[in-house]
Amino acid sequence: MSAVFVRLWNAVILAFTAIAGAKVRTVLTVLGILIGVAAVVIVTALGTGVQERITAQIKSLGSNVIYIFPQANQSSGARGVRGAGRLTEADGKAILREAISVGSIVPSLQAQAQLVLGDKNVATIVVGTVRGYLEVRGFTIAAGSNFTETDERVKAKVCLLGNTVKQNLFGHEDPVGQIVRIGRYPFRVVGLLAIKGQTPSGDDQDDRVVIPAGTFRSRVLPTAPGRVHLLMASATHARTVSRATAQIEAILRQRHHIGPERESDFGIRTQAEFLRTQEEILSTLRALLVGIALVSLGVGGIGVMNIMLVSVTERTREIGIRMAIGARQGDVRVQFLVEAVTLCFLGGVVGTLLGLGVIYGLSRALGWSMLLSPLALAVALATSFACGIFFGSWPAHRAAQLDPIDALRHE
Amino acid sequence: METPLIELEHVDKDYDAGPVVVRALVDVSLRIARGEFVAVVGTSGSGKSTLMNIVGCLDRPTHGHYRLDRVEVGRRSGDARALVRNRMIGFVFQGYNLLARSSALENVELPLVYRAVTRRERKQRAAGALREVGLENRQHHKPNQLSGGQQQRVAIARALVTAPPLLLADEPTGNLDTRTSFEVLSLLQRLNRDNGITIVLVTHEADIAACASRVITMRDGRILSDAESPARDAGQLLRDLVDGATFSDSA
Numbered sequence: 001m002s003a004v005f006v007r008l009w010n011a012v013i014l015a016f017t018a019i020a021g022a023k024v025r026t027v028l029t030v031l032g033i034l035i036g037v038a039a040v041v042i043v044t045a046l047g048t049g050v051q052e053r054i055t056a057q058i059k060s061l062g063s064n065v066i067y068i069f070p071q072a073n074q075s076s077g078a079r080g081v082r083g084a085g086r087l088t089e090a091d092g093k094a095i096l097r098e099a100i101s102v103g104s105i106v107p108s109l110q111a112q113a114q115l116v117l118g119d120k121n122v123a124t125i126v127v128g129t130v131r132g133y134l135e136v137r138g139f140t141i142a143a144g145s146n147f148t149e150t151d152e153r154v155k156a157k158v159c160l161l162g163n164t165v166k167q168n169l170f171g172h173e174d175p176v177g178q179i180v181r182i183g184r185y186p187f188r189v190v191g192l193l194a195i196k197g198q199t200p201s202g203d204d205q206d207d208r209v210v211i212p213a214g215t216f217r218s219r220v221l222p223t224a225p226g227r228v229h230l231l232m233a234s235a236t237h238a239r240t241v242s243r244a245t246a247q248i249e250a251i252l253r254q255r256h257h258i259g260p261e262r263e264s265d266f267g268i269r270t271q272a273e274f275l276r277t278q279e280e281i282l283s284t285l286r287a288l289l290v291g292i293a294l295v296s297l298g299v300g301g302i303g304v305m306n307i308m309l310v311s312v313t314e315r316t317r318e319i320g321i322r323m324a325i326g327a328r329q330g331d332v333r334v335q336f337l338v339e340a341v342t343l344c345f346l347g348g349v350v351g352t353l354l355g356l357g358v359i360y361g362l363s364r365a366l367g368w369s370m371l372l373s374p375l376a377l378a379v380a381l382a383t384s385f386a387c388g389i390f391f392g393s394w395p396a397h398r399a400a401q402l403d404p405i406d407a408l409r410h411e
Numbered sequence: 001m002e003t004p005l006i007e008l009e010h011v012d013k014d015y016d017a018g019p020v021v022v023r024a025l026v027d028v029s030l031r032i033a034r035g036e037f038v039a040v041v042g043t044s045g046s047g048k049s050t051l052m053n054i055v056g057c058l059d060r061p062t063h064g065h066y067r068l069d070r071v072e073v074g075r076r077s078g079d080a081r082a083l084v085r086n087r088m089i090g091f092v093f094q095g096y097n098l099l100a101r102s103s104a105l106e107n108v109e110l111p112l113v114y115r116a117v118t119r120r121e122r123k124q125r126a127a128g129a130l131r132e133v134g135l136e137n138r139q140h141h142k143p144n145q146l147s148g149g150q151q152q153r154v155a156i157a158r159a160l161v162t163a164p165p166l167l168l169a170d171e172p173t174g175n176l177d178t179r180t181s182f183e184v185l186s187l188l189q190r191l192n193r194d195n196g197i198t199i200v201l202v203t204h205e206a207d208i209a210a211c212a213s214r215v216i217t218m219r220d221g222r223i224l225s226d227a228e229s230p231a232r233d234a235g236q237l238l239r240d241l242v243d244g245a246t247f248s249d250s251a
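The listed protein sequences correspond, in order, to chains A and B.
For the first sequence, counting from 1, position 138 maps to 138 in our numbering; every step adds exactly one.
For the second sequence, counting from 1, position 19 maps to 19 in our numbering; every step adds exactly one.
Next up, chain A with everything else stripped away, as it sits in the complex (with noise of 0.2 Å):
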């Protein structure tokens, strides 16, 4: 056990000479690998990085948001979408009571409108809605506060005001207790939305103001007295989405007596659906760079082939002496293996390094936060590994299998 550990141990001290004897020569032969494994480390982090901005603003979309809308189907004719509706809140009211998987759910109901203050005019969106949409999908308050249940009872022409619409009316004026005009009604912004961002689509979702939803059906757009246009509800938690759709249809189907036979007249989409979709086009872009990153690193490891097969032939004569002195086959065999290993783990570690450099480079230009696992960088340097034993066994094998004689006359 012990003679085996010294061998090894001569032959690493062996190819570290040997490495050192060649300084020029090891720099460009590592270089291959070095490159590889650099790339392998920078595409895993941006990888990584990326997923977490995407997961991050898919949160911000709201958490566990299930959309439900009206559809046309069959039996309500061909009728516009929103016509088709038949959607109310006394179906929210129904499933919140109900679906033990839904923790809130809101009304929405959505109009483009013009705001007017002075001699400014925006068109934005205008959301009429609850209390609990704000919680629903995000938002919080940045100055203000909420509006009231006095304030929906009573249909108050009060407004929350997104951070764009605030910026294109008010500039940096404080909003909170001014009038702006939605239409032909004077509101009174009691609240500023914190800013969210865009959507992963590219929606911004600070381009809007939100109202109680009766207002908005009085001061809006003239709407039947409970109509909403959309429900957004929340699961209890993300692994309750799915249970909380399948309740929601079965019991919006019970309401609107839809038989098992006929289509919905209404339709469910879920956050998690959108999020499945962003991880599949990830991952494949991912699988894609980390394929050009490993193939690379393959020309990295033919290139060290090629250079350990040209040092075999250059150290014929020492590889005859060290088999006339009595070196066996093995001995010859691992001292080139372990050279090669050497080599490409020696690339492995520097191009982790150069790696890491570059991470942290972009991530402090970028303003994202790049991380690699501690995993990664094992992979990292376990592959610079495996490459060394995998293009150094035939240069090995090579030198292991010379003759005596022969190697010995060499020139």
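Hints listed in this document are in silico derivations from the structure and should not be mistaken for laboratory results.
Be aware that a few hints might be false.
[To be verified] Restricting the straight-line Cα-Cα distance to at most 20 Å, the calculated cross-link-like pairs of lysine to any residue (SDA-like) are:
hint	chain 1	residue 1	chain 2	residue 2
1	B	K142	A	R317
2	A	K23	B	A100
3	B	K123	A	W9
4	B	K142	A	L14
5	A	K155	A	P222
[Unchecked claim] A short, non-exhaustive set of chain B residues, derived as facing chain A with CB atoms under 10 Å:
hint	residue
6	R87
7	F91
8	Y114
[Unchecked claim] These stretches of chain B come out as covered by chain A in the derived footprint (C-beta under 8 Å, 3 or more residues):
hint	segment
9	52-61
10	68-82
11	106-113
We treat Cβ as the ideally placed atom computed from N, Cα and C, and that holds for glycine.
Dock chain B against chain A, hints included.
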């Protein structure tokens, strides 16, 4: 006669050189006892190098038997012969065959590396072997910093470091001038006399062969003659040479 160290029985060695088979050794039988100093002489192509390779376990006979210290080694596999070379045989070559990038001490250590001897013990034994050949002050010199005679002494130290019973020297003085040749021969004679090491020396020079106590002459792959000879003292030859030079200088 006690059991010989080297015992060749009807050894043939054929080389397949394309359409013809070259018979490098033909029916060679030979016994060399422990403590002998044997010179093998012959012109090039006489088969003396082939004989050396077989005795040195670098090559295998095509036919016949080779027993080294009563053990049949002629049929052994590559690794087994490597072991025999490491344990039983020290090699000295014409071109010294030292590793150019390694110091004298590291070169001498080399056979011990393949015996998994610890670093400290290797250093001690290598230093001892260098002392024996008079190079204790040259331990950390690279081969290119040493003269030809010194390099050959490093090679001899490397052959000695495992304390083998047999030392094979293939034209050890081929690259050396006469004076250095006698110095090296004097060293070999001392090792043979004081340490009892068996030496087989291949040469084509008659005055080098004259320093051995037995001369085997080869021709066309066969042993032409095998005779005891009065060994001349290389040290004396060296002194004569120096005296002669001094004499001729003063003349």
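Structure-based check of each hint:
1. B:K142 <-> A:R317: Satisfied, since the Cα-Cα distance of roughly 17 Å is no more than 20 Å.
2. A:K23 <-> B:A100: Roughly 17 Å between the alpha carbons, so the hint for A:K23 and B:A100 holds.
3. B:K123 <-> A:W9: 16 Å, holds
4. B:K142 <-> A:L14: Distance of about 16 Å is within 20 Å: holds.
5. A:K155 <-> A:P222: 13 Å, holds
6. R87: 7 Å, holds
7. F91: At 5 Å from the nearest chain A Cβ, B:F91 passes the 10 Å test, so the hint holds.
8. Y114: 5 Å, holds
9. 52-61: holds (count 4)
10. 68-82: holds (count 3)
11. 106-113: It holds: at least three residues are needed, and the segment 106-113 of chain B offers 3 whose Cβ sits within less than 8 Å of chain A.
Of the numbered hints stated above, none is contradicted by the structure.
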